[in-house]
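Place chain B on chain A using the hints.
There are 2 protein chains.
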Amino acid sequence: MIEAAQLVDLQTKVTSLIEHRDFAQIRQVLETLAPPDVAEIIEELGQEHEAVLFRLLPKEKAVEVFEHLPIENQESLMFGLADKDAAAILDEMSPDDRTAFLEELPGKVTRRLMNLLSADERHIAIQLLGYPEDSIGRLMTPDYVAIKTSWTVAQALGHIRIYGHDSETLNVLYVVEKGGRLIDDIRVREILLASPDALVADLMDHHFVALKASDDQEAAVTAFLRHDRSVLPVTDSSGILLGIVTADDILDVAEEEATEDIQKLGGVSALEEPYLTIGFFKIIRKRSFWLIFLFFGQMLTATAMGFFQEELEKALVLALFVPLIISSGGNTGSQAATLIIRALTIGEISLGDWWRVMRREIFSGLFIGGMLGTLGFLRIMIAQSLTGVYGPHWVFVGVTIAFSLVGVVMWGTLSGSLLPFLLKRFGLDPATSSAPLVATLVDVTGLLIYFSVASVVLKGTLL
Amino acid sequence: MIEAAQLVDLQTKVTSLIEHRDFAQIRQVLETLAPPDVAEIIEELGQEHEAVLFRLLPKEKAVEVFEHLPIENQESLMFGLADKDAAAILDEMSPDDRTAFLEELPGKVTRRLMNLLSADERHIAIQLLGYPEDSIGRLMTPDYVAIKTSWTVAQALGHIRIYGHDSETLNVLYVVEKGGRLIDDIRVREILLASPDALVADLMDHHFVALKASDDQEAAVTAFLRHDRSVLPVTDSSGILLGIVTADDILDVAEEEATEDIQKLGGVSALEEPYLTIGFFKIIRKRSFWLIFLFFGQMLTATAMGFFQEELEKALVLALFVPLIISSGGNTGSQAATLIIRALTIGEISLGDWWRVMRREIFSGLFIGGMLGTLGFLRIMIAQSLTGVYGPHWVFVGVTIAFSLVGVVMWGTLSGSLLPFLLKRFGLDPATSSAPLVATLVDVTGLLIYFSVASVVLKGTLL
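Protein chains in written order, with my numbering: chain A, 160 to 622; chain B, 160 to 622.
Extracted from the complex, chain A is given alone in its bound form (with noise of 0.2 angstroms):
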């Protein structure tokens, strides 16, 4: 890999040796280059010079550095090329790549390029593409090396001689029955180091782990992250193999997860395209979505508060720790939160455990409100001793202070607790219930606690 600063130098350069047309030169540098790394120069450079210096790649490093590239680069790409190299590029593409590029395509532009794809290649595109968006159907690639029972390890080399140049991994060999049914899985390992007369059969111990190509890719995640493994197979429902998904590609699944789910948790509907290249009115709407939702939600403080108006008019000294009081109900709310939503997404959870949580957040609420409700008393203790502002009766400030903070901890931790498990009860994604959200919720709740316990504890003295 090449830094950073030896990339801004390398874009330069190549830059300007497209200007003098010095392609001989241009070659050179580009052979010395890892393809992700071609990829990158090629991102910055503009549309027409993109062109120039893709055409210069040996065409086995084009199909390399195309995938590498993003989707807005690749599409200028394909249609600056000529339909005859433009249908080489996908043809060499590997299946699980061509479909992501694809399928982010509008849907007239694809059917175009579907029919530059040799009708094989085509056939293969087509298939991968009917699965839904998000599921495992888009991530597998069709190039697995698949042996049958009867046959001897001998036959098995010759077969992976023959075939096994597509294929995407040779870690894993795949043994089928008749009409394609996946029965076991062997290690190309165990293979090599097997006599060549010994039968595929001997070899096997029927026990393999395989996905579903209908299933959401978390749970590729999920099976991949348990059983530890490089490639997983991918069958249909009736057990026919049809596919194989490989590490590398759930790694990026599960990176993008990682991103959506943060994302989510801040308060924002998930990008789904990098910060910098996202279109400013398409981040607007995706940022103020949320927060024109949770603006509303908080237009209930104002008129919580304005309940009280009577008791704020008596005893102002009340106004002047609204933030604190519902800033610590939202925090301690949003921790809890992030915390039940992160177990639940990695399955260290599950719903069925909602009352051990809620049993332990309950405690959590009472012990860190305890803690804080106890520093907000002494805050007010020193104040006063200090300047005497909170008058004669501020030890009953301190304790509603300290009491409605107690209130106002554990609400927010139930509530930032149980959200989630609520959310994801009816079914929806329970990362929606983000920091914001749950802060919203308990800043209005928070109001009513903190006033009520006001009235009952200042009664007859500043109320």
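The set of hints was computed from the structure by calculation and includes no laboratory data. Take these hints with a grain of salt, some might be off.
Same chains, same label: a pair holds when it works inside one copy or across any pair of copies.
[Stated by the list, open to error] Each computed DSS-like pair below joins lysine-lysine, with the alpha-carbon atoms no more than 27 angstroms apart:
1. 371 - 220
2. 220 - 307
3. 243 - 473
4. 172 - 220
5. 473 - 618
6. 172 - 218
Same frame as chain A, but now just chain B:
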């Protein structure tokens, strides 16, 4: 994989079988289960039952099950088993899993267990443990196959047959020169497909990607994401091949890192243990550290409000909108921080982009602030026309709220997006600028913005 409901059934069944000492039946049940499923059953059994069940497993499966167990069960099992059994399991574990296990244990225990290892295996474990925690060195396994340039394909295949047995993956072979320096990687498929008389040198392209053992594991995640590989070699700083890292281990790292980032964003120190098994006081400590820190920050809101007591007495209506104003700033701030932190983590933006980001955030803040400000003004206008609650000067109140919202939201997006850059600039983890931290920061400054706007707009009417 088996379903959660099935698992509970199996656990009950196995417990009853152990109590009835029906070992034959247990063996039968265990035979049908994959190692991760057996591990899940063992997790739920008591300490005395777990050892019984474990001894009933065939040795090879026992090792695989052991690797799937959480550290607490591994530890209790190790001490429940006789030294001989324990040594056998340690010897058979794959080096990277063994390292993960040993590094979780207290130093004294690690040393005792190390003594159980065979000399060769101990050598490997000590070597792997020598790398700092979270370095790539800890992830690698030395079970790779290395070949020499001068060999023929037939010699290489013979070498694989002898040394391939221990190899974690056979997908890729590594070409080293005398002294052990890595000079190329060759896919096993190329060896399989080549003529037996061809030289390894003829198959080489001298292009390879390698990781450094002392680098942070995050670098490995980035490299795997970038190069779409299922396995990458690891070298020391002088390029000597030390081992390999496989994509499935990287997937584990990526998931753990996402969990840590999410927890930090939620304002919790990274738990590093599952939510349900971490001790009550440990989780309280991890949670309350930030909450107490933030609480001290929030106390400044009470101080700030105290400064404006006079204004509040004259225009109590200002108090009613305090929660709305500060939360709007907090929400936009956490949103901006979340977006920027994630983009920094996955490398979409780097430190040098701070000015592009800031420019973008200023406009976003202005736009979103404008929307929320308009909504806030409408809210006051509608309430006024229905109830007349804001008195004759309602327009000034509305304007105060609207302008404050624009200011606070702009300030929120700006500080939320710049704080991660600042932290990263000073070598800290950007994720430390959690949503609650940004919210607290914006709360305090938001109050100052609000009351400053009010004192200008309301001068001569309410103030």
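Evaluation of the provided hints:
Taking the shortest alpha-carbon separations for residue 371 and residue 220, only the inter-copy value of 25 angstroms comes in at or below 27 angstroms, while the best intra-copy value is 33 angstroms. Taking the shortest alpha-carbon separations for residue 220 and residue 307, only the inter-copy value of 25 angstroms comes in at or below 27 angstroms, while the best intra-copy value is 34 angstroms. Taking the shortest Cα distances, residue 243 and residue 473 never come within 27 angstroms of each other, neither inside one copy (82 angstroms) nor across copies (78 angstroms). Within a single copy, residue 172 and residue 220 get their C-alpha atoms as close as 20 angstroms, which meets the 27 angstroms cut-off; across copies the closest is 57 angstroms, which misses it.
In this assembly of identical chains, the alpha carbons of residue 473 and residue 618 lie at most 27 angstroms apart whether taken from the same copy (11 angstroms) or from different copies (24 angstroms). When the C-alpha separation of residue 172 and residue 218 is checked against a cutoff of 27 angstroms, the pair qualifies only within one copy, where the shortest distance is 23 angstroms, while the shortest distance between copies is 60 angstroms.
Checked against the numbered hints above, the structure breaks only hint 3 and satisfies the rest.
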